[in-house]
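Q: One letter stands for each residue in the lines below.
Number of protein chains: 4
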Amino acid sequence: MPGSTFGELFRVTNFGESHGPAIGCVIDGCPPGLALSEADIQPELDRRRPGTSRHVTQRNEPDVVEILSGVYEGKTTGTPIALLIRNTDQRSKDYGNILDTFRPGHADYTYWRKYGIRDPRGGGRSSARLTAPTVAAAAVARKWLRERHGTTFVGWMSQLGELPIPFEGLEHIPNNPFFAANAGMIGQLEDYMDALRKAGDSCGARIEVIAQGVPVGLGEPLYDKLDADIAYAMMGINAVKGVEIGDGFGVVAQRGSHHGDELSPEGFRSNHAGGVLGGISTGQDLRVAIAIKPTSSIRTPKASIDRSVQPTTVETFGRHDPCVGIRATPIAEAMLALVLMDHALRHRAQCADVGLPVPSIPGSAP
Amino acid sequence: MPGSTFGELFRVTNFGESHGPAIGCVIDGCPPGLALSEADIQPELDRRRPGTSRHVTQRNEPDVVEILSGVYEGKTTGTPIALLIRNTDQRSKDYGNILDTFRPGHADYTYWRKYGIRDPRGGGRSSARLTAPTVAAAAVARKWLRERHGTTFVGWMSQLGELPIPFEGLEHIPNNPFFAANAGMIGQLEDYMDALRKAGDSCGARIEVIAQGVPVGLGEPLYDKLDADIAYAMMGINAVKGVEIGDGFGVVAQRGSHHGDELSPEGFRSNHAGGVLGGISTGQDLRVAIAIKPTSSIRTPKASIDRSVQPTTVETFGRHDPCVGIRATPIAEAMLALVLMDHALRHRAQCADVGLPVPSIPGSAP
Amino acid sequence: MPGSTFGELFRVTNFGESHGPAIGCVIDGCPPGLALSEADIQPELDRRRPGTSRHVTQRNEPDVVEILSGVYEGKTTGTPIALLIRNTDQRSKDYGNILDTFRPGHADYTYWRKYGIRDPRGGGRSSARLTAPTVAAAAVARKWLRERHGTTFVGWMSQLGELPIPFEGLEHIPNNPFFAANAGMIGQLEDYMDALRKAGDSCGARIEVIAQGVPVGLGEPLYDKLDADIAYAMMGINAVKGVEIGDGFGVVAQRGSHHGDELSPEGFRSNHAGGVLGGISTGQDLRVAIAIKPTSSIRTPKASIDRSVQPTTVETFGRHDPCVGIRATPIAEAMLALVLMDHALRHRAQCADVGLPVPSIPGSAP
Amino acid sequence: MPGSTFGELFRVTNFGESHGPAIGCVIDGCPPGLALSEADIQPELDRRRPGTSRHVTQRNEPDVVEILSGVYEGKTTGTPIALLIRNTDQRSKDYGNILDTFRPGHADYTYWRKYGIRDPRGGGRSSARLTAPTVAAAAVARKWLRERHGTTFVGWMSQLGELPIPFEGLEHIPNNPFFAANAGMIGQLEDYMDALRKAGDSCGARIEVIAQGVPVGLGEPLYDKLDADIAYAMMGINAVKGVEIGDGFGVVAQRGSHHGDELSPEGFRSNHAGGVLGGISTGQDLRVAIAIKPTSSIRTPKASIDRSVQPTTVETFGRHDPCVGIRATPIAEAMLALVLMDHALRHRAQCADVGLPVPSIPGSAP
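Protein chains in written order, with UniProt numbering: chain A, 1 to 366; chain B, 1 to 366; chain C, 1 to 366; chain D, 1 to 366.
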């Protein structure tokens, strides 16, 4: 309830600060019998890791994960899985100048007002570094969902600042540092980022995420709708300011005669809904999009106040992502996976008895 | 956990179906000593009520609320407040033709697949009618927040189908059936709706909601961020497909040098963030927007299947809202109020000790 | 979290006060497809009902239950089941003399100190009358557990005041107003109660409850052990001051060589543990015992204070149970059923995959 | 919900196995501003530590705690506090003979049946070693409660096997390895334990715990009564089979005229209730007692089965506590502290507004 635990039945409790000794999480509720080792988790951490291209923060964190519990002879035992990631490249002096001021657009001010105290080193708890344990936990969820339901997750950047990135194919995503589903625009994106970095500024991004092979019937009818929990998960990612399911804000100008996805014995004929009807998964692809704001840690000076509420000017040096959206794709995939994992277990609890007389017709339209 | 309870400390447990004997909720966690009677709740229900103009469903439900518990001699006692609303105008025969088919865009199919059974009368549990208890519960939260923190909530429709509705002033909102903050466009909106109804079709809408007088420091740092919980609440409203906080999807094309709200001893100089930084309220206005899809209950025939997975065609008669967005404004206000109420209590639990050495500087830029 | 909800996956949210308009509960999480009507619930309420013999309170409450939601065409739909019981025989004037004083041994003082306000009519929220909705909810759980797992619950009084009641057979329990598993002692118990009532005093009782046909593997390993949750449930019943599982306090003087229940291919050879090892059910009978204090509502005058903290003397008239233990048996059965129901659903969520290579060997020793 | 988290607002999530690399916990919800370092926690771990006398297991674990997060410049920040304790003295070979058999009275069988898999090394997750993180977390709670409310906790052994240990004074407790509140009986207790160890057997114990300086008004009215949560906490300690509050099972034979604690302007005149009325703290001492069973890890051979359900005989060698009750006292204190801490925060959330017109009269009778 104090807000560092995600999920009800697949519970991930996150701890740590950006420049403390370690970050990590405890997963409580992972079903027993899943084959699991660090090798299942590390690749997802590596996708999210800083320092992998010149377009992201140059902080050098290997993000090596250690499983402390919950696995015996290579299999989960059903008891809590603790994951530990030691911080290794803290340079707290980089942040010296922000100890007594509040960076515009940052959580400095709100943490101070909420707690009366804040750990300013690298943003402390509000740092995007804390998404690493989430990604690690989600790697466990993803493995279980893939093995048991064939569910997979993939995301990509569809816009960088003003530049829309046309979708060409999922196969391009791993081949560029932007998670772009496009092969021909990479040079243009790199030039854009180089110019931005030179200007000491930052930009926003738009990320799309989909889940494929989603079980039908996930989500609760009233408050814990599947899309509600997805919105919660996505808006909880650092810097996210908007979330869309299916056609998203496009529905405002649509007609009901167009929007409602028709059914046929072969499956749904379209997927405007994005895979959720009445808060419950249809079995089609889950389609989610998020808007990520430009990071506030920029070199451009901005007006602010200090702890005595005196006017001051803040410039942020140190190592920062000029577009936090670049590393957001694996994080968004992770959040979506955690939501589905939790609801998959909830569904078993509630509806394990349900036996339907007819075959299902899920499936996304092409 | 099965999804009919909203909140952690101000818990609202909702029950009922559209055409069952009654709907209602139990509020657990309301602080003692709040003056409360049905007269505090009924006006909010009346704002949401069906049948108040020709542009919404003609179902005639007085939605009279009865307080069953938790109030003694006109004050809350700290124990659960049960609210009961009897259904009076069920016409289940209107729905006879959908018993064995699945309306495109509706929850019919997903409920059937999830539970193996569904109450088809008026959409059963998936009906927007179930927002009435939420609105009733939020009336209690709104009163407490207003009395204790001076917090108020107001929403308006900013777009109806293709028609943007320019914001003119909050004072116009109560004077038209659309919750439009605009006086001059009402005739145009009425014509639009009349044409839509005649065409047997439906349309989407965009709703804005703000909270004013928000306490600083609400929201948890990692997963239960204030904006995450707002997104959860808003996406959980029937037919919502998108949620924005502050500049929302507009941030994608913004620069950090523009986006980060500067601080001064007099307060923030802008509110791109929408009143939340790092998941914690800044004290500025909370700014939220939602996208509402066109309802799927339309007269236009659409392809579907029946329970034997045979192709069929569905036309929906009965009494429906051609734009569910019209009645969504008080619901969105209610959801925002419930989120703030819960976090206000959470804040007291965790941070009651916090004593800051300096005055606060909250406040929204004009 | 404010304490009126029982369970995680089979959630019962209770509302009402002894002398308010109604009491009831909302069950969220009942699996769909269970045949259910008021007739499944009423008999359990009737067993708990006041006014059934001269040895219990003479308040005349029919305790008629109405199902408001969650059932369609005689089957549960998987959505919340709201149960309503109207209060009909409130005589608030009976309590006039306690409005400004605090009855020794009662919750009057603590409610006042906690909430700054209390509903004094009939004990308000602290009345044992609020166990009625719990019993009603448990009737649903009992039906599901019986149909799906063959689990049944039975309790009996094993001591009334100083009088131990030797166990003779379960068949005697329904034949006397004390839930005694004994046929020959009933006259002696009646005389005991008559003398007590004449003396204006009250007495305690000891109740045993068992569950038979318990699924193996229920309970969580660390904090939410099955026996921990049983202790929580039992100690939460009004007037309970002690809980035992299996041999209970008898284990203090036992040896390990005696206590550890041996296993054989035919099953366990004894049941000192009471059906739980390491917090997880063994499949044997669950054996629970509780101690119930003498009610504090007695005619004998006792020293107390009033709201101005001035000394006073309190005598309680009105209609009270001289031994609340007499009606506690169905309540204890109900609580045990709610715990098992919740854990049965939790088990499905977590361990539905578990396939063991060998048959089980549960079963209680005779 | 999967059972490794204790508390709602002061949440302790426990992880680890007896012979894995580490054990620990994450505390989420500790208020900010509490001075905290490892030195506040280590002494409580040392009281619980194995190997401190010849009467407990000779496993040599220094139980050194490391704070990984949530503390900045010596003060809690309001964010999660992760505590890590490395295991150093695992001798898994000691347990070789139990890999395929089920020790009578142990959780071996139930873990296997629940999860289909178990970590047999040292009892894995079911080991009492997992109480160490609980004790560490409680040290934080105890410090906060002591500083803010003056609340303190103390426990003692009141019976060892058949030997009652008369209470003489709290000052004796730290001076003997049994936590006995008695100076003269220590030699007799040591002889008793020596004989027991020689016999290869084990015995039970009875422990008393009290909290002093308890805030008035803690506990929820219906299900989350303070005593219910205490019973849950205590019964969740390994090997506990019975819990009593106040006079406990003694109430069965009491009269109401005797039991109800009278009030006077100077305070309560007795404390039969044990500091709780109607589930809410009175401000008097909380009085709790627990029964601890004899450990099942004994050298005496007992009948059992193996994983193929074939009969076998089990003798347990290795390092075990012949009376787990000896080390249970600090654990019981810890559990009581965690319950009070959680309810203290809950109380702030709900009742921070309550202002009573008159002074309180709490206090225990001598």
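Hints should not be assumed to be uniformly reliable.
Said to hold, decoys possible - Covered by chain A, per the in silico footprint, the following chain C stretches (three or more residues, Cβ under 8 Å): (1) 290 to 296; (2) 328 to 342.
As the list claims (entries may be wrong) - With a straight-line cut-off of 20 Å between C-alpha atoms, the simulated SDA-like cross-links for lysine to any residue are: (3) K75/D to D353/B; (4) K198/C to K75/C; (5) K143/D to G33/D; (6) K198/C to S257/D; (7) K143/A to A253/A; (8) K75/C to G33/A.
Think of the hints as simulated: they come from the structure by calculation, not from any bench. The structure presented is a predicted model; accordingly, all values stated were derived computationally and were not measured. Idealized CB from N, CA, C, for every residue including glycine.
Q: What hints, given by number in increasing order, does this structure fail?
A: When the structure is compared with the hints, numbers 1, 2, 4, 7, 8 turn out to be violated.
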